[in-house]
Amino acid sequence: MILTTLEYVPGKNITKHLGLVQGSTVRSKHVGRDIMAGVKNIFGGELTGYTELLNESREEATERMTAQAKSIGANAILNIRFSTSNIAQGASELYAYGTAVVLE
Amino acid sequence: MVDLIIFVVLLIVGYVFGQAIDQTHYRSIRKRESLLRNIPLIASRKLPASFEPCKTELVTGNVVISVDFYKKFVAGLRNLVGGRVRSYESLIDRARREALLRMTEKAKALGANYVFNVKMETSSIPSGRGDGVSAVDVLAYGTAVILERQAPLIQKVEAPSPGMMNLRPR
Numbered sequence: 096m097i098l099t100t101l102e103y104v105p106g107k108n109i110t111k112h113l114g115l116v117q118g119s120t121v122r123s124k125h126v127g128r129d130i131m132a133g134v135k136n137i138f139g140g141e142l143t144g145y146t147e148l149l150n151e152s153r154e155e156a157t158e159r160m161t162a163q164a165k166s167i168g169a170n171a172i173l174n175i176r177f178s179t180s181n182i183a184q185g186a187s188e189l190y191a192y193g194t195a196v197v198l199e
Numbered sequence: 281m282v283d284l285i286i287f288v289v290l291l292i293v294g295y296v297f298g299q300a301i302d303q304t305h306y307r308s309i310r311k312r313e314s315l316l317r318n319i320p321l322i323a324s325r326k327l328p329a330s331f332e333p334c335k336t337e338l339v340t341g342n343v344v345i346s347v348d349f350y351k352k353f354v355a356g357l358r359n360l361v362g363g364r365v366r367s368y369e370s371l372i373d374r375a376r377r378e379a380l381l382r383m384t385e386k387a388k389a390l391g392a393n394y395v396f397n398v399k400m401e402t403s404s405i406p407s408g409r410g411d412g413v414s415a416v417d418v419l420a421y422g423t424a425v426i427l428e429r430q431a432p433l434i435q436k437v438e439a440p441s442p443g444m445m446n447l448r449p450r
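Keeping their order, the protein sequence lines are chains A and B.
Just add 95 to wherever you are in the first sequence, counting from 1, and you've got this note's numbering.
Just add 280 to wherever you are in the second sequence, counting from 1, and you've got this note's numbering.
None of these hints come from the bench; they were simulated from the model.
Here the structure is a predicted model, which means the values were calculated and not measured.
Keep in mind that the hints are not guaranteed to be accurate.
Computed from the model, here is a short list of chain A residues facing chain B with C-beta under 10 Å [what the hints assert, rightly or not]: (1) G140; (2) L148; (3) R159; (4) Q163; (5) R176; (6) Y192.
Ideal Cβ placement from N, Cα and C applies to all residues, glycine included.
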């Protein structure tokens, strides 16, 4: 599976467009991390726990998108975009989407 | 009175540690940026034709950076009169540059020469009580381009032919 933010894959022709594929996950911060974050909010600096949490969540969203693309027979996803939204107090949605295509 | 003392202590602690972290982070950012200068980040969506054959790979980098007590207080005061919030500017600038650096580091590990179509995504993580921003999350992502043969960076510019010269507006 080729994942790219470009609109094409260099050197390869697109034989079929299969439309939009997407993957999303909603994550909440957990209390232990929240207490640490509260302390860090006084001193400043990077919140490593959150960085990891969001990184894992984005990977999860990307995996779901890839699984969807695989199930419809695609071998590449073009023009991938990521999006983040706060849907409720303390929970965010990580969303990945792109165009599934078949490359020759 | 006790509350006021706690507040002042938090403010001083926030200022001292916040500034120290700010400066250390900026130093580290500048150092790593100079090391990664040989991998240009390009916002363009199309590769030059001379780049083919090449391999591409999705690369991402993210970071969550917290505000400190002093920054939050200063921004709160700023909210009363409006205008430029300098304390948050350095925060978001650090987060953006750090995310880009992490992305570029991943591209470097893949042996990439360029990162194309770089996009940024910013979101804030509100604190539990919802009283303003407590941390900012930045994601940078793009397509790492690994050239299979070294393409010339700048194409040779040919001298304009006499025919072209005539087309120049007078």
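- Hints that the structure is at odds with (numbers, increasing): 3, 4, 6
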